[in-house]
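Engineer: Make a model of the complete structure from these sequences and hints.
The listed protein sequences correspond, in order, to chains A and B. For what it's worth, the numbering used here labels the leading residue of the first sequence as 86, then goes sequentially. For what it's worth, the numbering used here labels the leading residue of the second sequence as 86, then goes sequentially.
Covered by chain B, per the in silico footprint, the following chain A stretches (three or more residues, Cβ under 8 Å):
| # | stretch |
| --- | --- |
| 1 | 101 to 108 |
| 2 | 155 to 163 |
| 3 | 190 to 200 |
| 4 | 207 to 215 |
| 5 | 219 to 226 |
Not everything, but these chain A residues come out facing chain B in the computed CB check (under 8 Å):
| # | residue |
| --- | --- |
| 6 | Gln182 |
| 7 | Ile183 |
| 8 | Glu203 |
Label pairs and their in silico Cβ distance ranges:
| # | chain 1 | residue 1 | chain 2 | residue 2 | range |
| --- | --- | --- | --- | --- | --- |
| 9 | B | Pro173 | A | Leu232 | 29 to 35 Å |
| 10 | A | Asp343 | B | Leu303 | 46 to 52 Å |
| 11 | A | Glu397 | B | Leu303 | 51 to 57 Å |
| 12 | A | Ala261 | B | Gly237 | 46 to 52 Å |
FYI, nobody ran anything at the bench for these hints, they're computed from the structure. Remember, predicted model here, so these are calculated numbers, not experimental data. Glycine residues also receive a C-beta, built at the ideal position from the N, C-alpha and C atoms.
So you can see what is in the structure, the chains are spelled out below.
Protein chains: 2
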Amino acid sequence: MADELEQVVAELRRVIAADFPIVSEVNEHLLQMKGKLFRPTLLLLSNKASGGNTARAITLGAVVELIHLATLVHDDSVDHSVLRRGLPTINALFSHQIAVIMGDYLYSRAIIELVRLEDLEALRVLARVTNEMTVGEMRQLEAHDKLAYGEGAYDQLIRAKTASLLSGACEVGALAAPAAFRQGLARFGMLLGMAFQITDDLLDYTQSEAVTGKPSGLDLREHKVTLPLIAALARMPADSPGRRVVAELMEAAEPSDDLVADVVRLVEGAGGLETARQRALELAQQAEAELDVLPPSPARDALQGSIAYAVERRS
Amino acid sequence: MADELEQVVAELRRVIAADFPIVSEVNEHLLQMKGKLFRPTLLLLSNKASGGNTARAITLGAVVELIHLATLVHDDSVDHSVLRRGLPTINALFSHQIAVIMGDYLYSRAIIELVRLEDLEALRVLARVTNEMTVGEMRQLEAHDKLAYGEGAYDQLIRAKTASLLSGACEVGALAAPAAFRQGLARFGMLLGMAFQITDDLLDYTQSEAVTGKPSGLDLREHKVTLPLIAALARMPADSPGRRVVAELMEAAEPSDDLVADVVRLVEGAGGLETARQRALELAQQAEAELDVLPPSPARDALQGSIAYAVERRS
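Structural biologist: Shown next as structure tokens:
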């Protein structure tokens, strides 16, 4: 895959190229910031596993990564995040304004590229997914009653925010394949994406800044309610001291390090981390089962391997 | 046209509809804020004047207005504007975050609708135009050396920021027409759009807040250099007192009302307003000449009329 992922990066570079200085500067920073190319990897594997044509899949992989980047740039701006993968975000390094405009620039470049490929089906999938992601971001902003936020709302959020694009990547890789493969891979990506996001939310509780490139306990500091806390709260009686500490954190504009650490301990003590881990594994198993529709191949095995990566990673 | 524009609004309402509360709320506000539907009007007229099919043009008109709205929502957020057409902006009424996400929501809905129409050519034109608009926004942010900002840079800016979408609207209205009509209408829209933006920039110097719904002299307050000032500066010698007053305004973080009024008077005294008016009329004449390619029709006459609207409007 290493060779193909290098081609994806070259395609990405071509698609976002600009002759306007500030845009080129931001592009260079984004190319440094790029992560493990998980979405293009899924797209390429999905393509191979369903018997597709790799050349087109490389460009589509670049487009999917580009949509991911556009989303990250806007998300970081909306969340006022200062670090991403250990590097300063676009809003922190340049400005809020440039982050908003660059997100639009990147997304419109992705559409231009899909039009150039004359690929209406890929456009259909990826436009729908992008729209779902914006609704996911709204859901995240709008979670007002933190202590009543339930697993149903959380599932909707992580589907929209994260799993939809992983599902889209798998589906777009299999557009030329029989419907059963395409649909199975779309479901695989959705389940994998949910497991991936739950793992991410767990890492926020368990990993240090040095490993993830983000301050730990950041979600709690920002009053984001994720599965570990939801599961822990479900086990705390209405007037328990634990619930009062969580309420205190949610009411504090800037919770202290001690308060964050207290809630992390409470969540762990109430089995919130363990429940979230179990849920991620359950989704991972469901994802694996979806692969049964495909004929055996090294690519199918690699997709199976990507499940392990999603739920076992440390950053 | 009134009946068709009502259908455009109904289509717009359908395309942006959402079952998520905050999105519906923002949508309602945007529908109240909608202006004179100049872009759908141009698209419909361009369609009729080139012999097109109105039903599709109505949906495309809604999409073009939607792209315009998405751009306004992000522009207002980037500029921290608080008023638009006399109503509070999305960033002012809701939040900066919601404005960023809603712009993305609206734009992705526009793409979904174009995919639903299976209209690759319209997608090609409008994706290119949207990308040009983002580069135009960057140009606006990046104009550092205010006093050296020239007419060439200004032309590039207004083409990208404003004229590209008017050109796109005219072109998309004529996609089914012979190439000569399509190209002529695209050029017509570009010239008209430049005249339209110059007129807008003039109104910022000449009209009161009560008429435009924006504080007057706002561009100067925000250190935006437009054609009236560029033309005036071109006639001020290097060390003239006038140029020093302009420099003082550009250096003031928050210029006083008196300073803004001084620069407005200086620009008028140096003939900057008159030069900008002449330039708008020149572009209007060039736009009119492009219509000669079309056969005579009421729609062609109405396109001619839209030129007068663009350069003679008072708000």
